[in-house]
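Build out the structure end to end from the sequences listed, making use of the hints.
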Amino acid sequence: MSSYQLSKLADIVGGEVIGDGGVEITGVAGIKTAGRGEITFLAHPKYEAFLSSTEASAIIASYECCDDYHGSVIVTENPYLAFLKVVRLFDVPHLEKYPRGISGDSFISDSAVIGKQSHIGPDTYIGENVTIGERVTVLPFSFIGEGVRIGDDCLIYPNVTIREKTLIGNRVIIHAGAVIGSDGFGYAKNGSIHEKIPQIGMVVLEDEVEIGANSTIDRATTGKTIIRAGSKIDNLVQIAHNVSIGNNSIVAAQSGISGSTELGKNVILAGQSGLVGHISIGDNARVGAQGGVTKSIPPGTSVSGYPAREHSQARKIYACTARLPELLKEFRELKKKVERLENGSDGSSTTEDH
Amino acid sequence: MSSYQLSKLADIVGGEVIGDGGVEITGVAGIKTAGRGEITFLAHPKYEAFLSSTEASAIIASYECCDDYHGSVIVTENPYLAFLKVVRLFDVPHLEKYPRGISGDSFISDSAVIGKQSHIGPDTYIGENVTIGERVTVLPFSFIGEGVRIGDDCLIYPNVTIREKTLIGNRVIIHAGAVIGSDGFGYAKNGSIHEKIPQIGMVVLEDEVEIGANSTIDRATTGKTIIRAGSKIDNLVQIAHNVSIGNNSIVAAQSGISGSTELGKNVILAGQSGLVGHISIGDNARVGAQGGVTKSIPPGTSVSGYPAREHSQARKIYACTARLPELLKEFRELKKKVERLENGSDGSSTTEDH
Amino acid sequence: MSSYQLSKLADIVGGEVIGDGGVEITGVAGIKTAGRGEITFLAHPKYEAFLSSTEASAIIASYECCDDYHGSVIVTENPYLAFLKVVRLFDVPHLEKYPRGISGDSFISDSAVIGKQSHIGPDTYIGENVTIGERVTVLPFSFIGEGVRIGDDCLIYPNVTIREKTLIGNRVIIHAGAVIGSDGFGYAKNGSIHEKIPQIGMVVLEDEVEIGANSTIDRATTGKTIIRAGSKIDNLVQIAHNVSIGNNSIVAAQSGISGSTELGKNVILAGQSGLVGHISIGDNARVGAQGGVTKSIPPGTSVSGYPAREHSQARKIYACTARLPELLKEFRELKKKVERLENGSDGSSTTEDH
Numbered sequence: 006m007s008s009y010q011l012s013k014l015a016d017i018v019g020g021e022v023i024g025d026g027g028v029e030i031t032g033v034a035g036i037k038t039a040g041r042g043e044i045t046f047l048a049h050p051k052y053e054a055f056l057s058s059t060e061a062s063a064i065i066a067s068y069e070c071c072d073d074y075h076g077s078v079i080v081t082e083n084p085y086l087a088f089l090k091v092v093r094l095f096d097v098p099h100l101e102k103y104p105r106g107i108s109g110d111s112f113i114s115d116s117a118v119i120g121k122q123s124h125i126g127p128d129t130y131i132g133e134n135v136t137i138g139e140r141v142t143v144l145p146f147s148f149i150g151e152g153v154r155i156g157d158d159c160l161i162y163p164n165v166t167i168r169e170k171t172l173i174g175n176r177v178i179i180h181a182g183a184v185i186g187s188d189g190f191g192y193a194k195n196g197s198i199h200e201k202i203p204q205i206g207m208v209v210l211e212d213e214v215e216i217g218a219n220s221t222i223d224r225a226t227t228g229k230t231i232i233r234a235g236s237k238i239d240n241l242v243q244i245a246h247n248v249s250i251g252n253n254s255i256v257a258a259q260s261g262i263s264g265s266t267e268l269g270k271n272v273i274l275a276g277q278s279g280l281v282g283h284i285s286i287g288d289n290a291r292v293g294a295q296g297g298v299t300k301s302i303p304p305g306t307s308v309s310g311y312p313a314r315e316h317s318q319a320r321k322i323y324a325c326t327a328r329l330p331e332l333l334k335e336f337r338e339l340k341k342k343v344e345r346l347e348n349g350s351d352g353s354s355t356t357e358d359h
Numbered sequence: 006m007s008s009y010q011l012s013k014l015a016d017i018v019g020g021e022v023i024g025d026g027g028v029e030i031t032g033v034a035g036i037k038t039a040g041r042g043e044i045t046f047l048a049h050p051k052y053e054a055f056l057s058s059t060e061a062s063a064i065i066a067s068y069e070c071c072d073d074y075h076g077s078v079i080v081t082e083n084p085y086l087a088f089l090k091v092v093r094l095f096d097v098p099h100l101e102k103y104p105r106g107i108s109g110d111s112f113i114s115d116s117a118v119i120g121k122q123s124h125i126g127p128d129t130y131i132g133e134n135v136t137i138g139e140r141v142t143v144l145p146f147s148f149i150g151e152g153v154r155i156g157d158d159c160l161i162y163p164n165v166t167i168r169e170k171t172l173i174g175n176r177v178i179i180h181a182g183a184v185i186g187s188d189g190f191g192y193a194k195n196g197s198i199h200e201k202i203p204q205i206g207m208v209v210l211e212d213e214v215e216i217g218a219n220s221t222i223d224r225a226t227t228g229k230t231i232i233r234a235g236s237k238i239d240n241l242v243q244i245a246h247n248v249s250i251g252n253n254s255i256v257a258a259q260s261g262i263s264g265s266t267e268l269g270k271n272v273i274l275a276g277q278s279g280l281v282g283h284i285s286i287g288d289n290a291r292v293g294a295q296g297g298v299t300k301s302i303p304p305g306t307s308v309s310g311y312p313a314r315e316h317s318q319a320r321k322i323y324a325c326t327a328r329l330p331e332l333l334k335e336f337r338e339l340k341k342k343v344e345r346l347e348n349g350s351d352g353s354s355t356t357e358d359h
Numbered sequence: 006m007s008s009y010q011l012s013k014l015a016d017i018v019g020g021e022v023i024g025d026g027g028v029e030i031t032g033v034a035g036i037k038t039a040g041r042g043e044i045t046f047l048a049h050p051k052y053e054a055f056l057s058s059t060e061a062s063a064i065i066a067s068y069e070c071c072d073d074y075h076g077s078v079i080v081t082e083n084p085y086l087a088f089l090k091v092v093r094l095f096d097v098p099h100l101e102k103y104p105r106g107i108s109g110d111s112f113i114s115d116s117a118v119i120g121k122q123s124h125i126g127p128d129t130y131i132g133e134n135v136t137i138g139e140r141v142t143v144l145p146f147s148f149i150g151e152g153v154r155i156g157d158d159c160l161i162y163p164n165v166t167i168r169e170k171t172l173i174g175n176r177v178i179i180h181a182g183a184v185i186g187s188d189g190f191g192y193a194k195n196g197s198i199h200e201k202i203p204q205i206g207m208v209v210l211e212d213e214v215e216i217g218a219n220s221t222i223d224r225a226t227t228g229k230t231i232i233r234a235g236s237k238i239d240n241l242v243q244i245a246h247n248v249s250i251g252n253n254s255i256v257a258a259q260s261g262i263s264g265s266t267e268l269g270k271n272v273i274l275a276g277q278s279g280l281v282g283h284i285s286i287g288d289n290a291r292v293g294a295q296g297g298v299t300k301s302i303p304p305g306t307s308v309s310g311y312p313a314r315e316h317s318q319a320r321k322i323y324a325c326t327a328r329l330p331e332l333l334k335e336f337r338e339l340k341k342k343v344e345r346l347e348n349g350s351d352g353s354s355t356t357e358d359h
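If you read the sequences in order, they're chains Z, H and C. For the first sequence, this note's numbering assigns the number 6 to the initial residue and increments by one for each residue that follows. For the second sequence, this note's numbering assigns the number 6 to the initial residue and increments by one for each residue that follows. For the third sequence, this note's numbering assigns the number 6 to the initial residue and increments by one for each residue that follows.
Any given hint could be a false lead.
Given that identical chains are not distinguished, each listed pair holds provided it fits within a single copy or across any two copies.
Once the Cα atoms are required to be at most 35 Å apart in a straight line, the calculated DSBU-like pairs of lysine-lysine come out as [unchecked claim]:
hint, residue 1, residue 2
1, LYS340, LYS229
2, LYS13, LYS121
3, LYS51, LYS170
4, LYS321, LYS194
5, LYS51, LYS321
6, LYS201, LYS51
7, LYS102, LYS340
The set of hints was computed from the structure by calculation and includes no laboratory data.
Below, the structure written as structure tokens:
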């Protein structure tokens, strides 16, 4: 098991030790569960309450949050990034986890080309004319269809389906059960019959894209469905045919993007959000959880709710909605008052004892 | 690579060429990306703007939309259907894509019967007493459980699970990762314990049904979950036990249908919509995206929102909701006015300096 | 095929026969489809209408609901539980369905330990240092990663991925296509780049947990994602890293729970509901279908809607919302009346014919 002196960790993350730099750190853990020898991290302000009780031997923090804590501290400007660097030290990369080489129990077409130092697990299927780069890991029950091209340093988890002609860049990660290149959902109506439109396009996943478990990325009808470099897709996400996603965007779990919709760069879709087809989401736009987006969104805009509206307006509306029952009651009272005023405008009061 | 004269394509789709019928067409593409030698199609009115700039050598269109375009045109009444016919020419059907025959690397029970000209890929599992028709394609890592019956001309993509006793008609397509016949979610409460109710029913998928990638169709508790001929289910859809779906219905991605709910014919559920259990959705009814349906819907009705209401009413309500913050402000003002009127009904003004 | 005398069934379920106890029962079915020789059950009050027409030879019911039915009845306090017991009689448990033993066509690491009477199907992958208990069934195309420990009497359906280090208790059922232990969705921002935080924690599924088809349970960043004994997870559910779910909770299809959120005991999440991260859901709390929970919920509370509010309040709000178009109209009228009153407060009437 790995072990690091705290001062060594501080060097690695570019932080400063407050307290004993000689503490041996043997693991990373959450603030509630960390024990002696472990380093932790303040993941969320809600957890400040645990600072006084945590048994962690050290904590990574920014300057402000360490009043109650009596262990050692690594102080750094971006604690989350520092935490990441420490976690990496305790991680085993796939290059070490899975022995390099091609399993004899795999099914590999004669025309497939596989780069050096790749791990092709047992029970994998590599189709005709597939090209796989160097240091790629393909785990059991993954299917790589005809003519697929995969770059270097990719990691394909088990039970993944990558259909024909898909292009995959470098350092792409595809989690278990994901389906890349399934048919887009397209039919032409012929009377009451839905006639299937063959989906003859493809999917492109650029460098550093990550696709979550059991997500589905449909191939284009013609042309391509494309996810640009650095974008990260969570689990159970649906991306329809001919969608295009710009660089470094984030799509959280169970979100869905309908056909031909285009996302810019640095877009964030929170969980269970949905976008209709044929719209544009500008750079740096954000969609709140369960948001239902029915029209294009300008760059930099945050929207939420259904139908999605600018976020601060949506919040205002939801707050007003909560006061509706009271409003209706007050409205009825006001109406009565006005009626009394109308009746009383002849000069008489409405109260009976007058 | 295939190539067709434009006049030949016009014959095939039953349209009329305006312009040069001798142009050679070598591919199909979207209006934004099509290049020389390619034919395109006006998929959505939004794309009319691209008519003047597209490099496509030909376009399929109805009479109205071709003012700005200077290439050749195939004019036809139903351009979408014509487009479909052209795309089909450039598609390779599974019968040609996968060589006919049974792979030696598959696991096939002795009691299984497989029809002529089927392709049973390597790394497939065909259980006891399975019957598979003619010209069926089963791709790697697909599991066909005991007693399953599959008709002719079906296409089963990789990593599909078809559990025991499922009945599948002809020309059915099941996309990668779909699960057919998983247990319905049923428990009987025994104190605080949830006791599992065995799900001993089955799933029936009739002719021409298509099931999207990673969708899940639960088997019935007793009896059957049934999807009738011609219905199309998109990706990541959940269909619970004992659901019944009528002919030619459409269920878009990430929608969910709860137990024992019945859909009629030609029903359309838009993306991420949800239906509670034990209700009926009439023929030709439609549910909007993210709609949450809590009670039965009469035939021909469109509903949307949560809880789902008749669509035009739901739109009106959402429009009113947007004006709530303003309404509350105006209401407070009106209330003050009425108070002033009440105080002023004795004859005196409400301003204090009188 | 199994057959039971009705009086024998009554003994088994602890009920009393009203009518002919000698009827031979050969199957179980729904009230609408049951035929002669079958026993049925009143699953939902909606189906009382079918009591007079059902062809079932017997029905399981509580005292109140049998006026219209002329067959035999088993009367019992908890008909649903009695139904369960009868269904079990007609079910084939996995221990009998799949022959005990390890298939020669499986891939099993030398260091794996597999208990007695387990069925390890063909085309399965059992990694290094895996421990599997007794009477476990593992079906084709399922992947059990390095160091996974599985207790006794578990059932792993096809195409399941269980990643490294997962701990699974006894009598756990994992349905087809589920992914256990996929990476949590965690990145640290480094400029515009999302740097992946290795997810070095694990997943724990305690005794009697059931995971639905194509659901995804992410491993913890550090520490563990845990689902406690007796909880049942439906299909296509997303459970993020470091989530904790208490005993006997129910998560219906397509629901999603964000990172580090904690559910108590006996919690029920209805279908398509979503929970933000870092909140607590108290014991016995309930979230309605499509509910979007944005903050912690006290024990015993029912919430619904987006943003989720206490259920009775949410219902009131939705009811008021439906009356908004009318309210706006009435409001405009009232405003005019008040204006007239203001103008008329000089003593003159507002109607013109005075």
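Results for each hint:
no.	hint	result
1	LYS340 / LYS229	neither (60 Å within a copy, 56 Å between copies)
2	LYS13 / LYS121	within (34 Å within a copy, 48 Å between copies)
3	LYS51 / LYS170	between (47 Å within a copy, 29 Å between copies)
4	LYS321 / LYS194	between (42 Å within a copy, 30 Å between copies)
5	LYS51 / LYS321	both (25 Å within a copy, 32 Å between copies)
6	LYS201 / LYS51	between (51 Å within a copy, 23 Å between copies)
7	LYS102 / LYS340	neither (74 Å within a copy, 71 Å between copies)
Figure legend: structure checked against the earlier numbered hints; hints not met, in rising order: 1 and 7.
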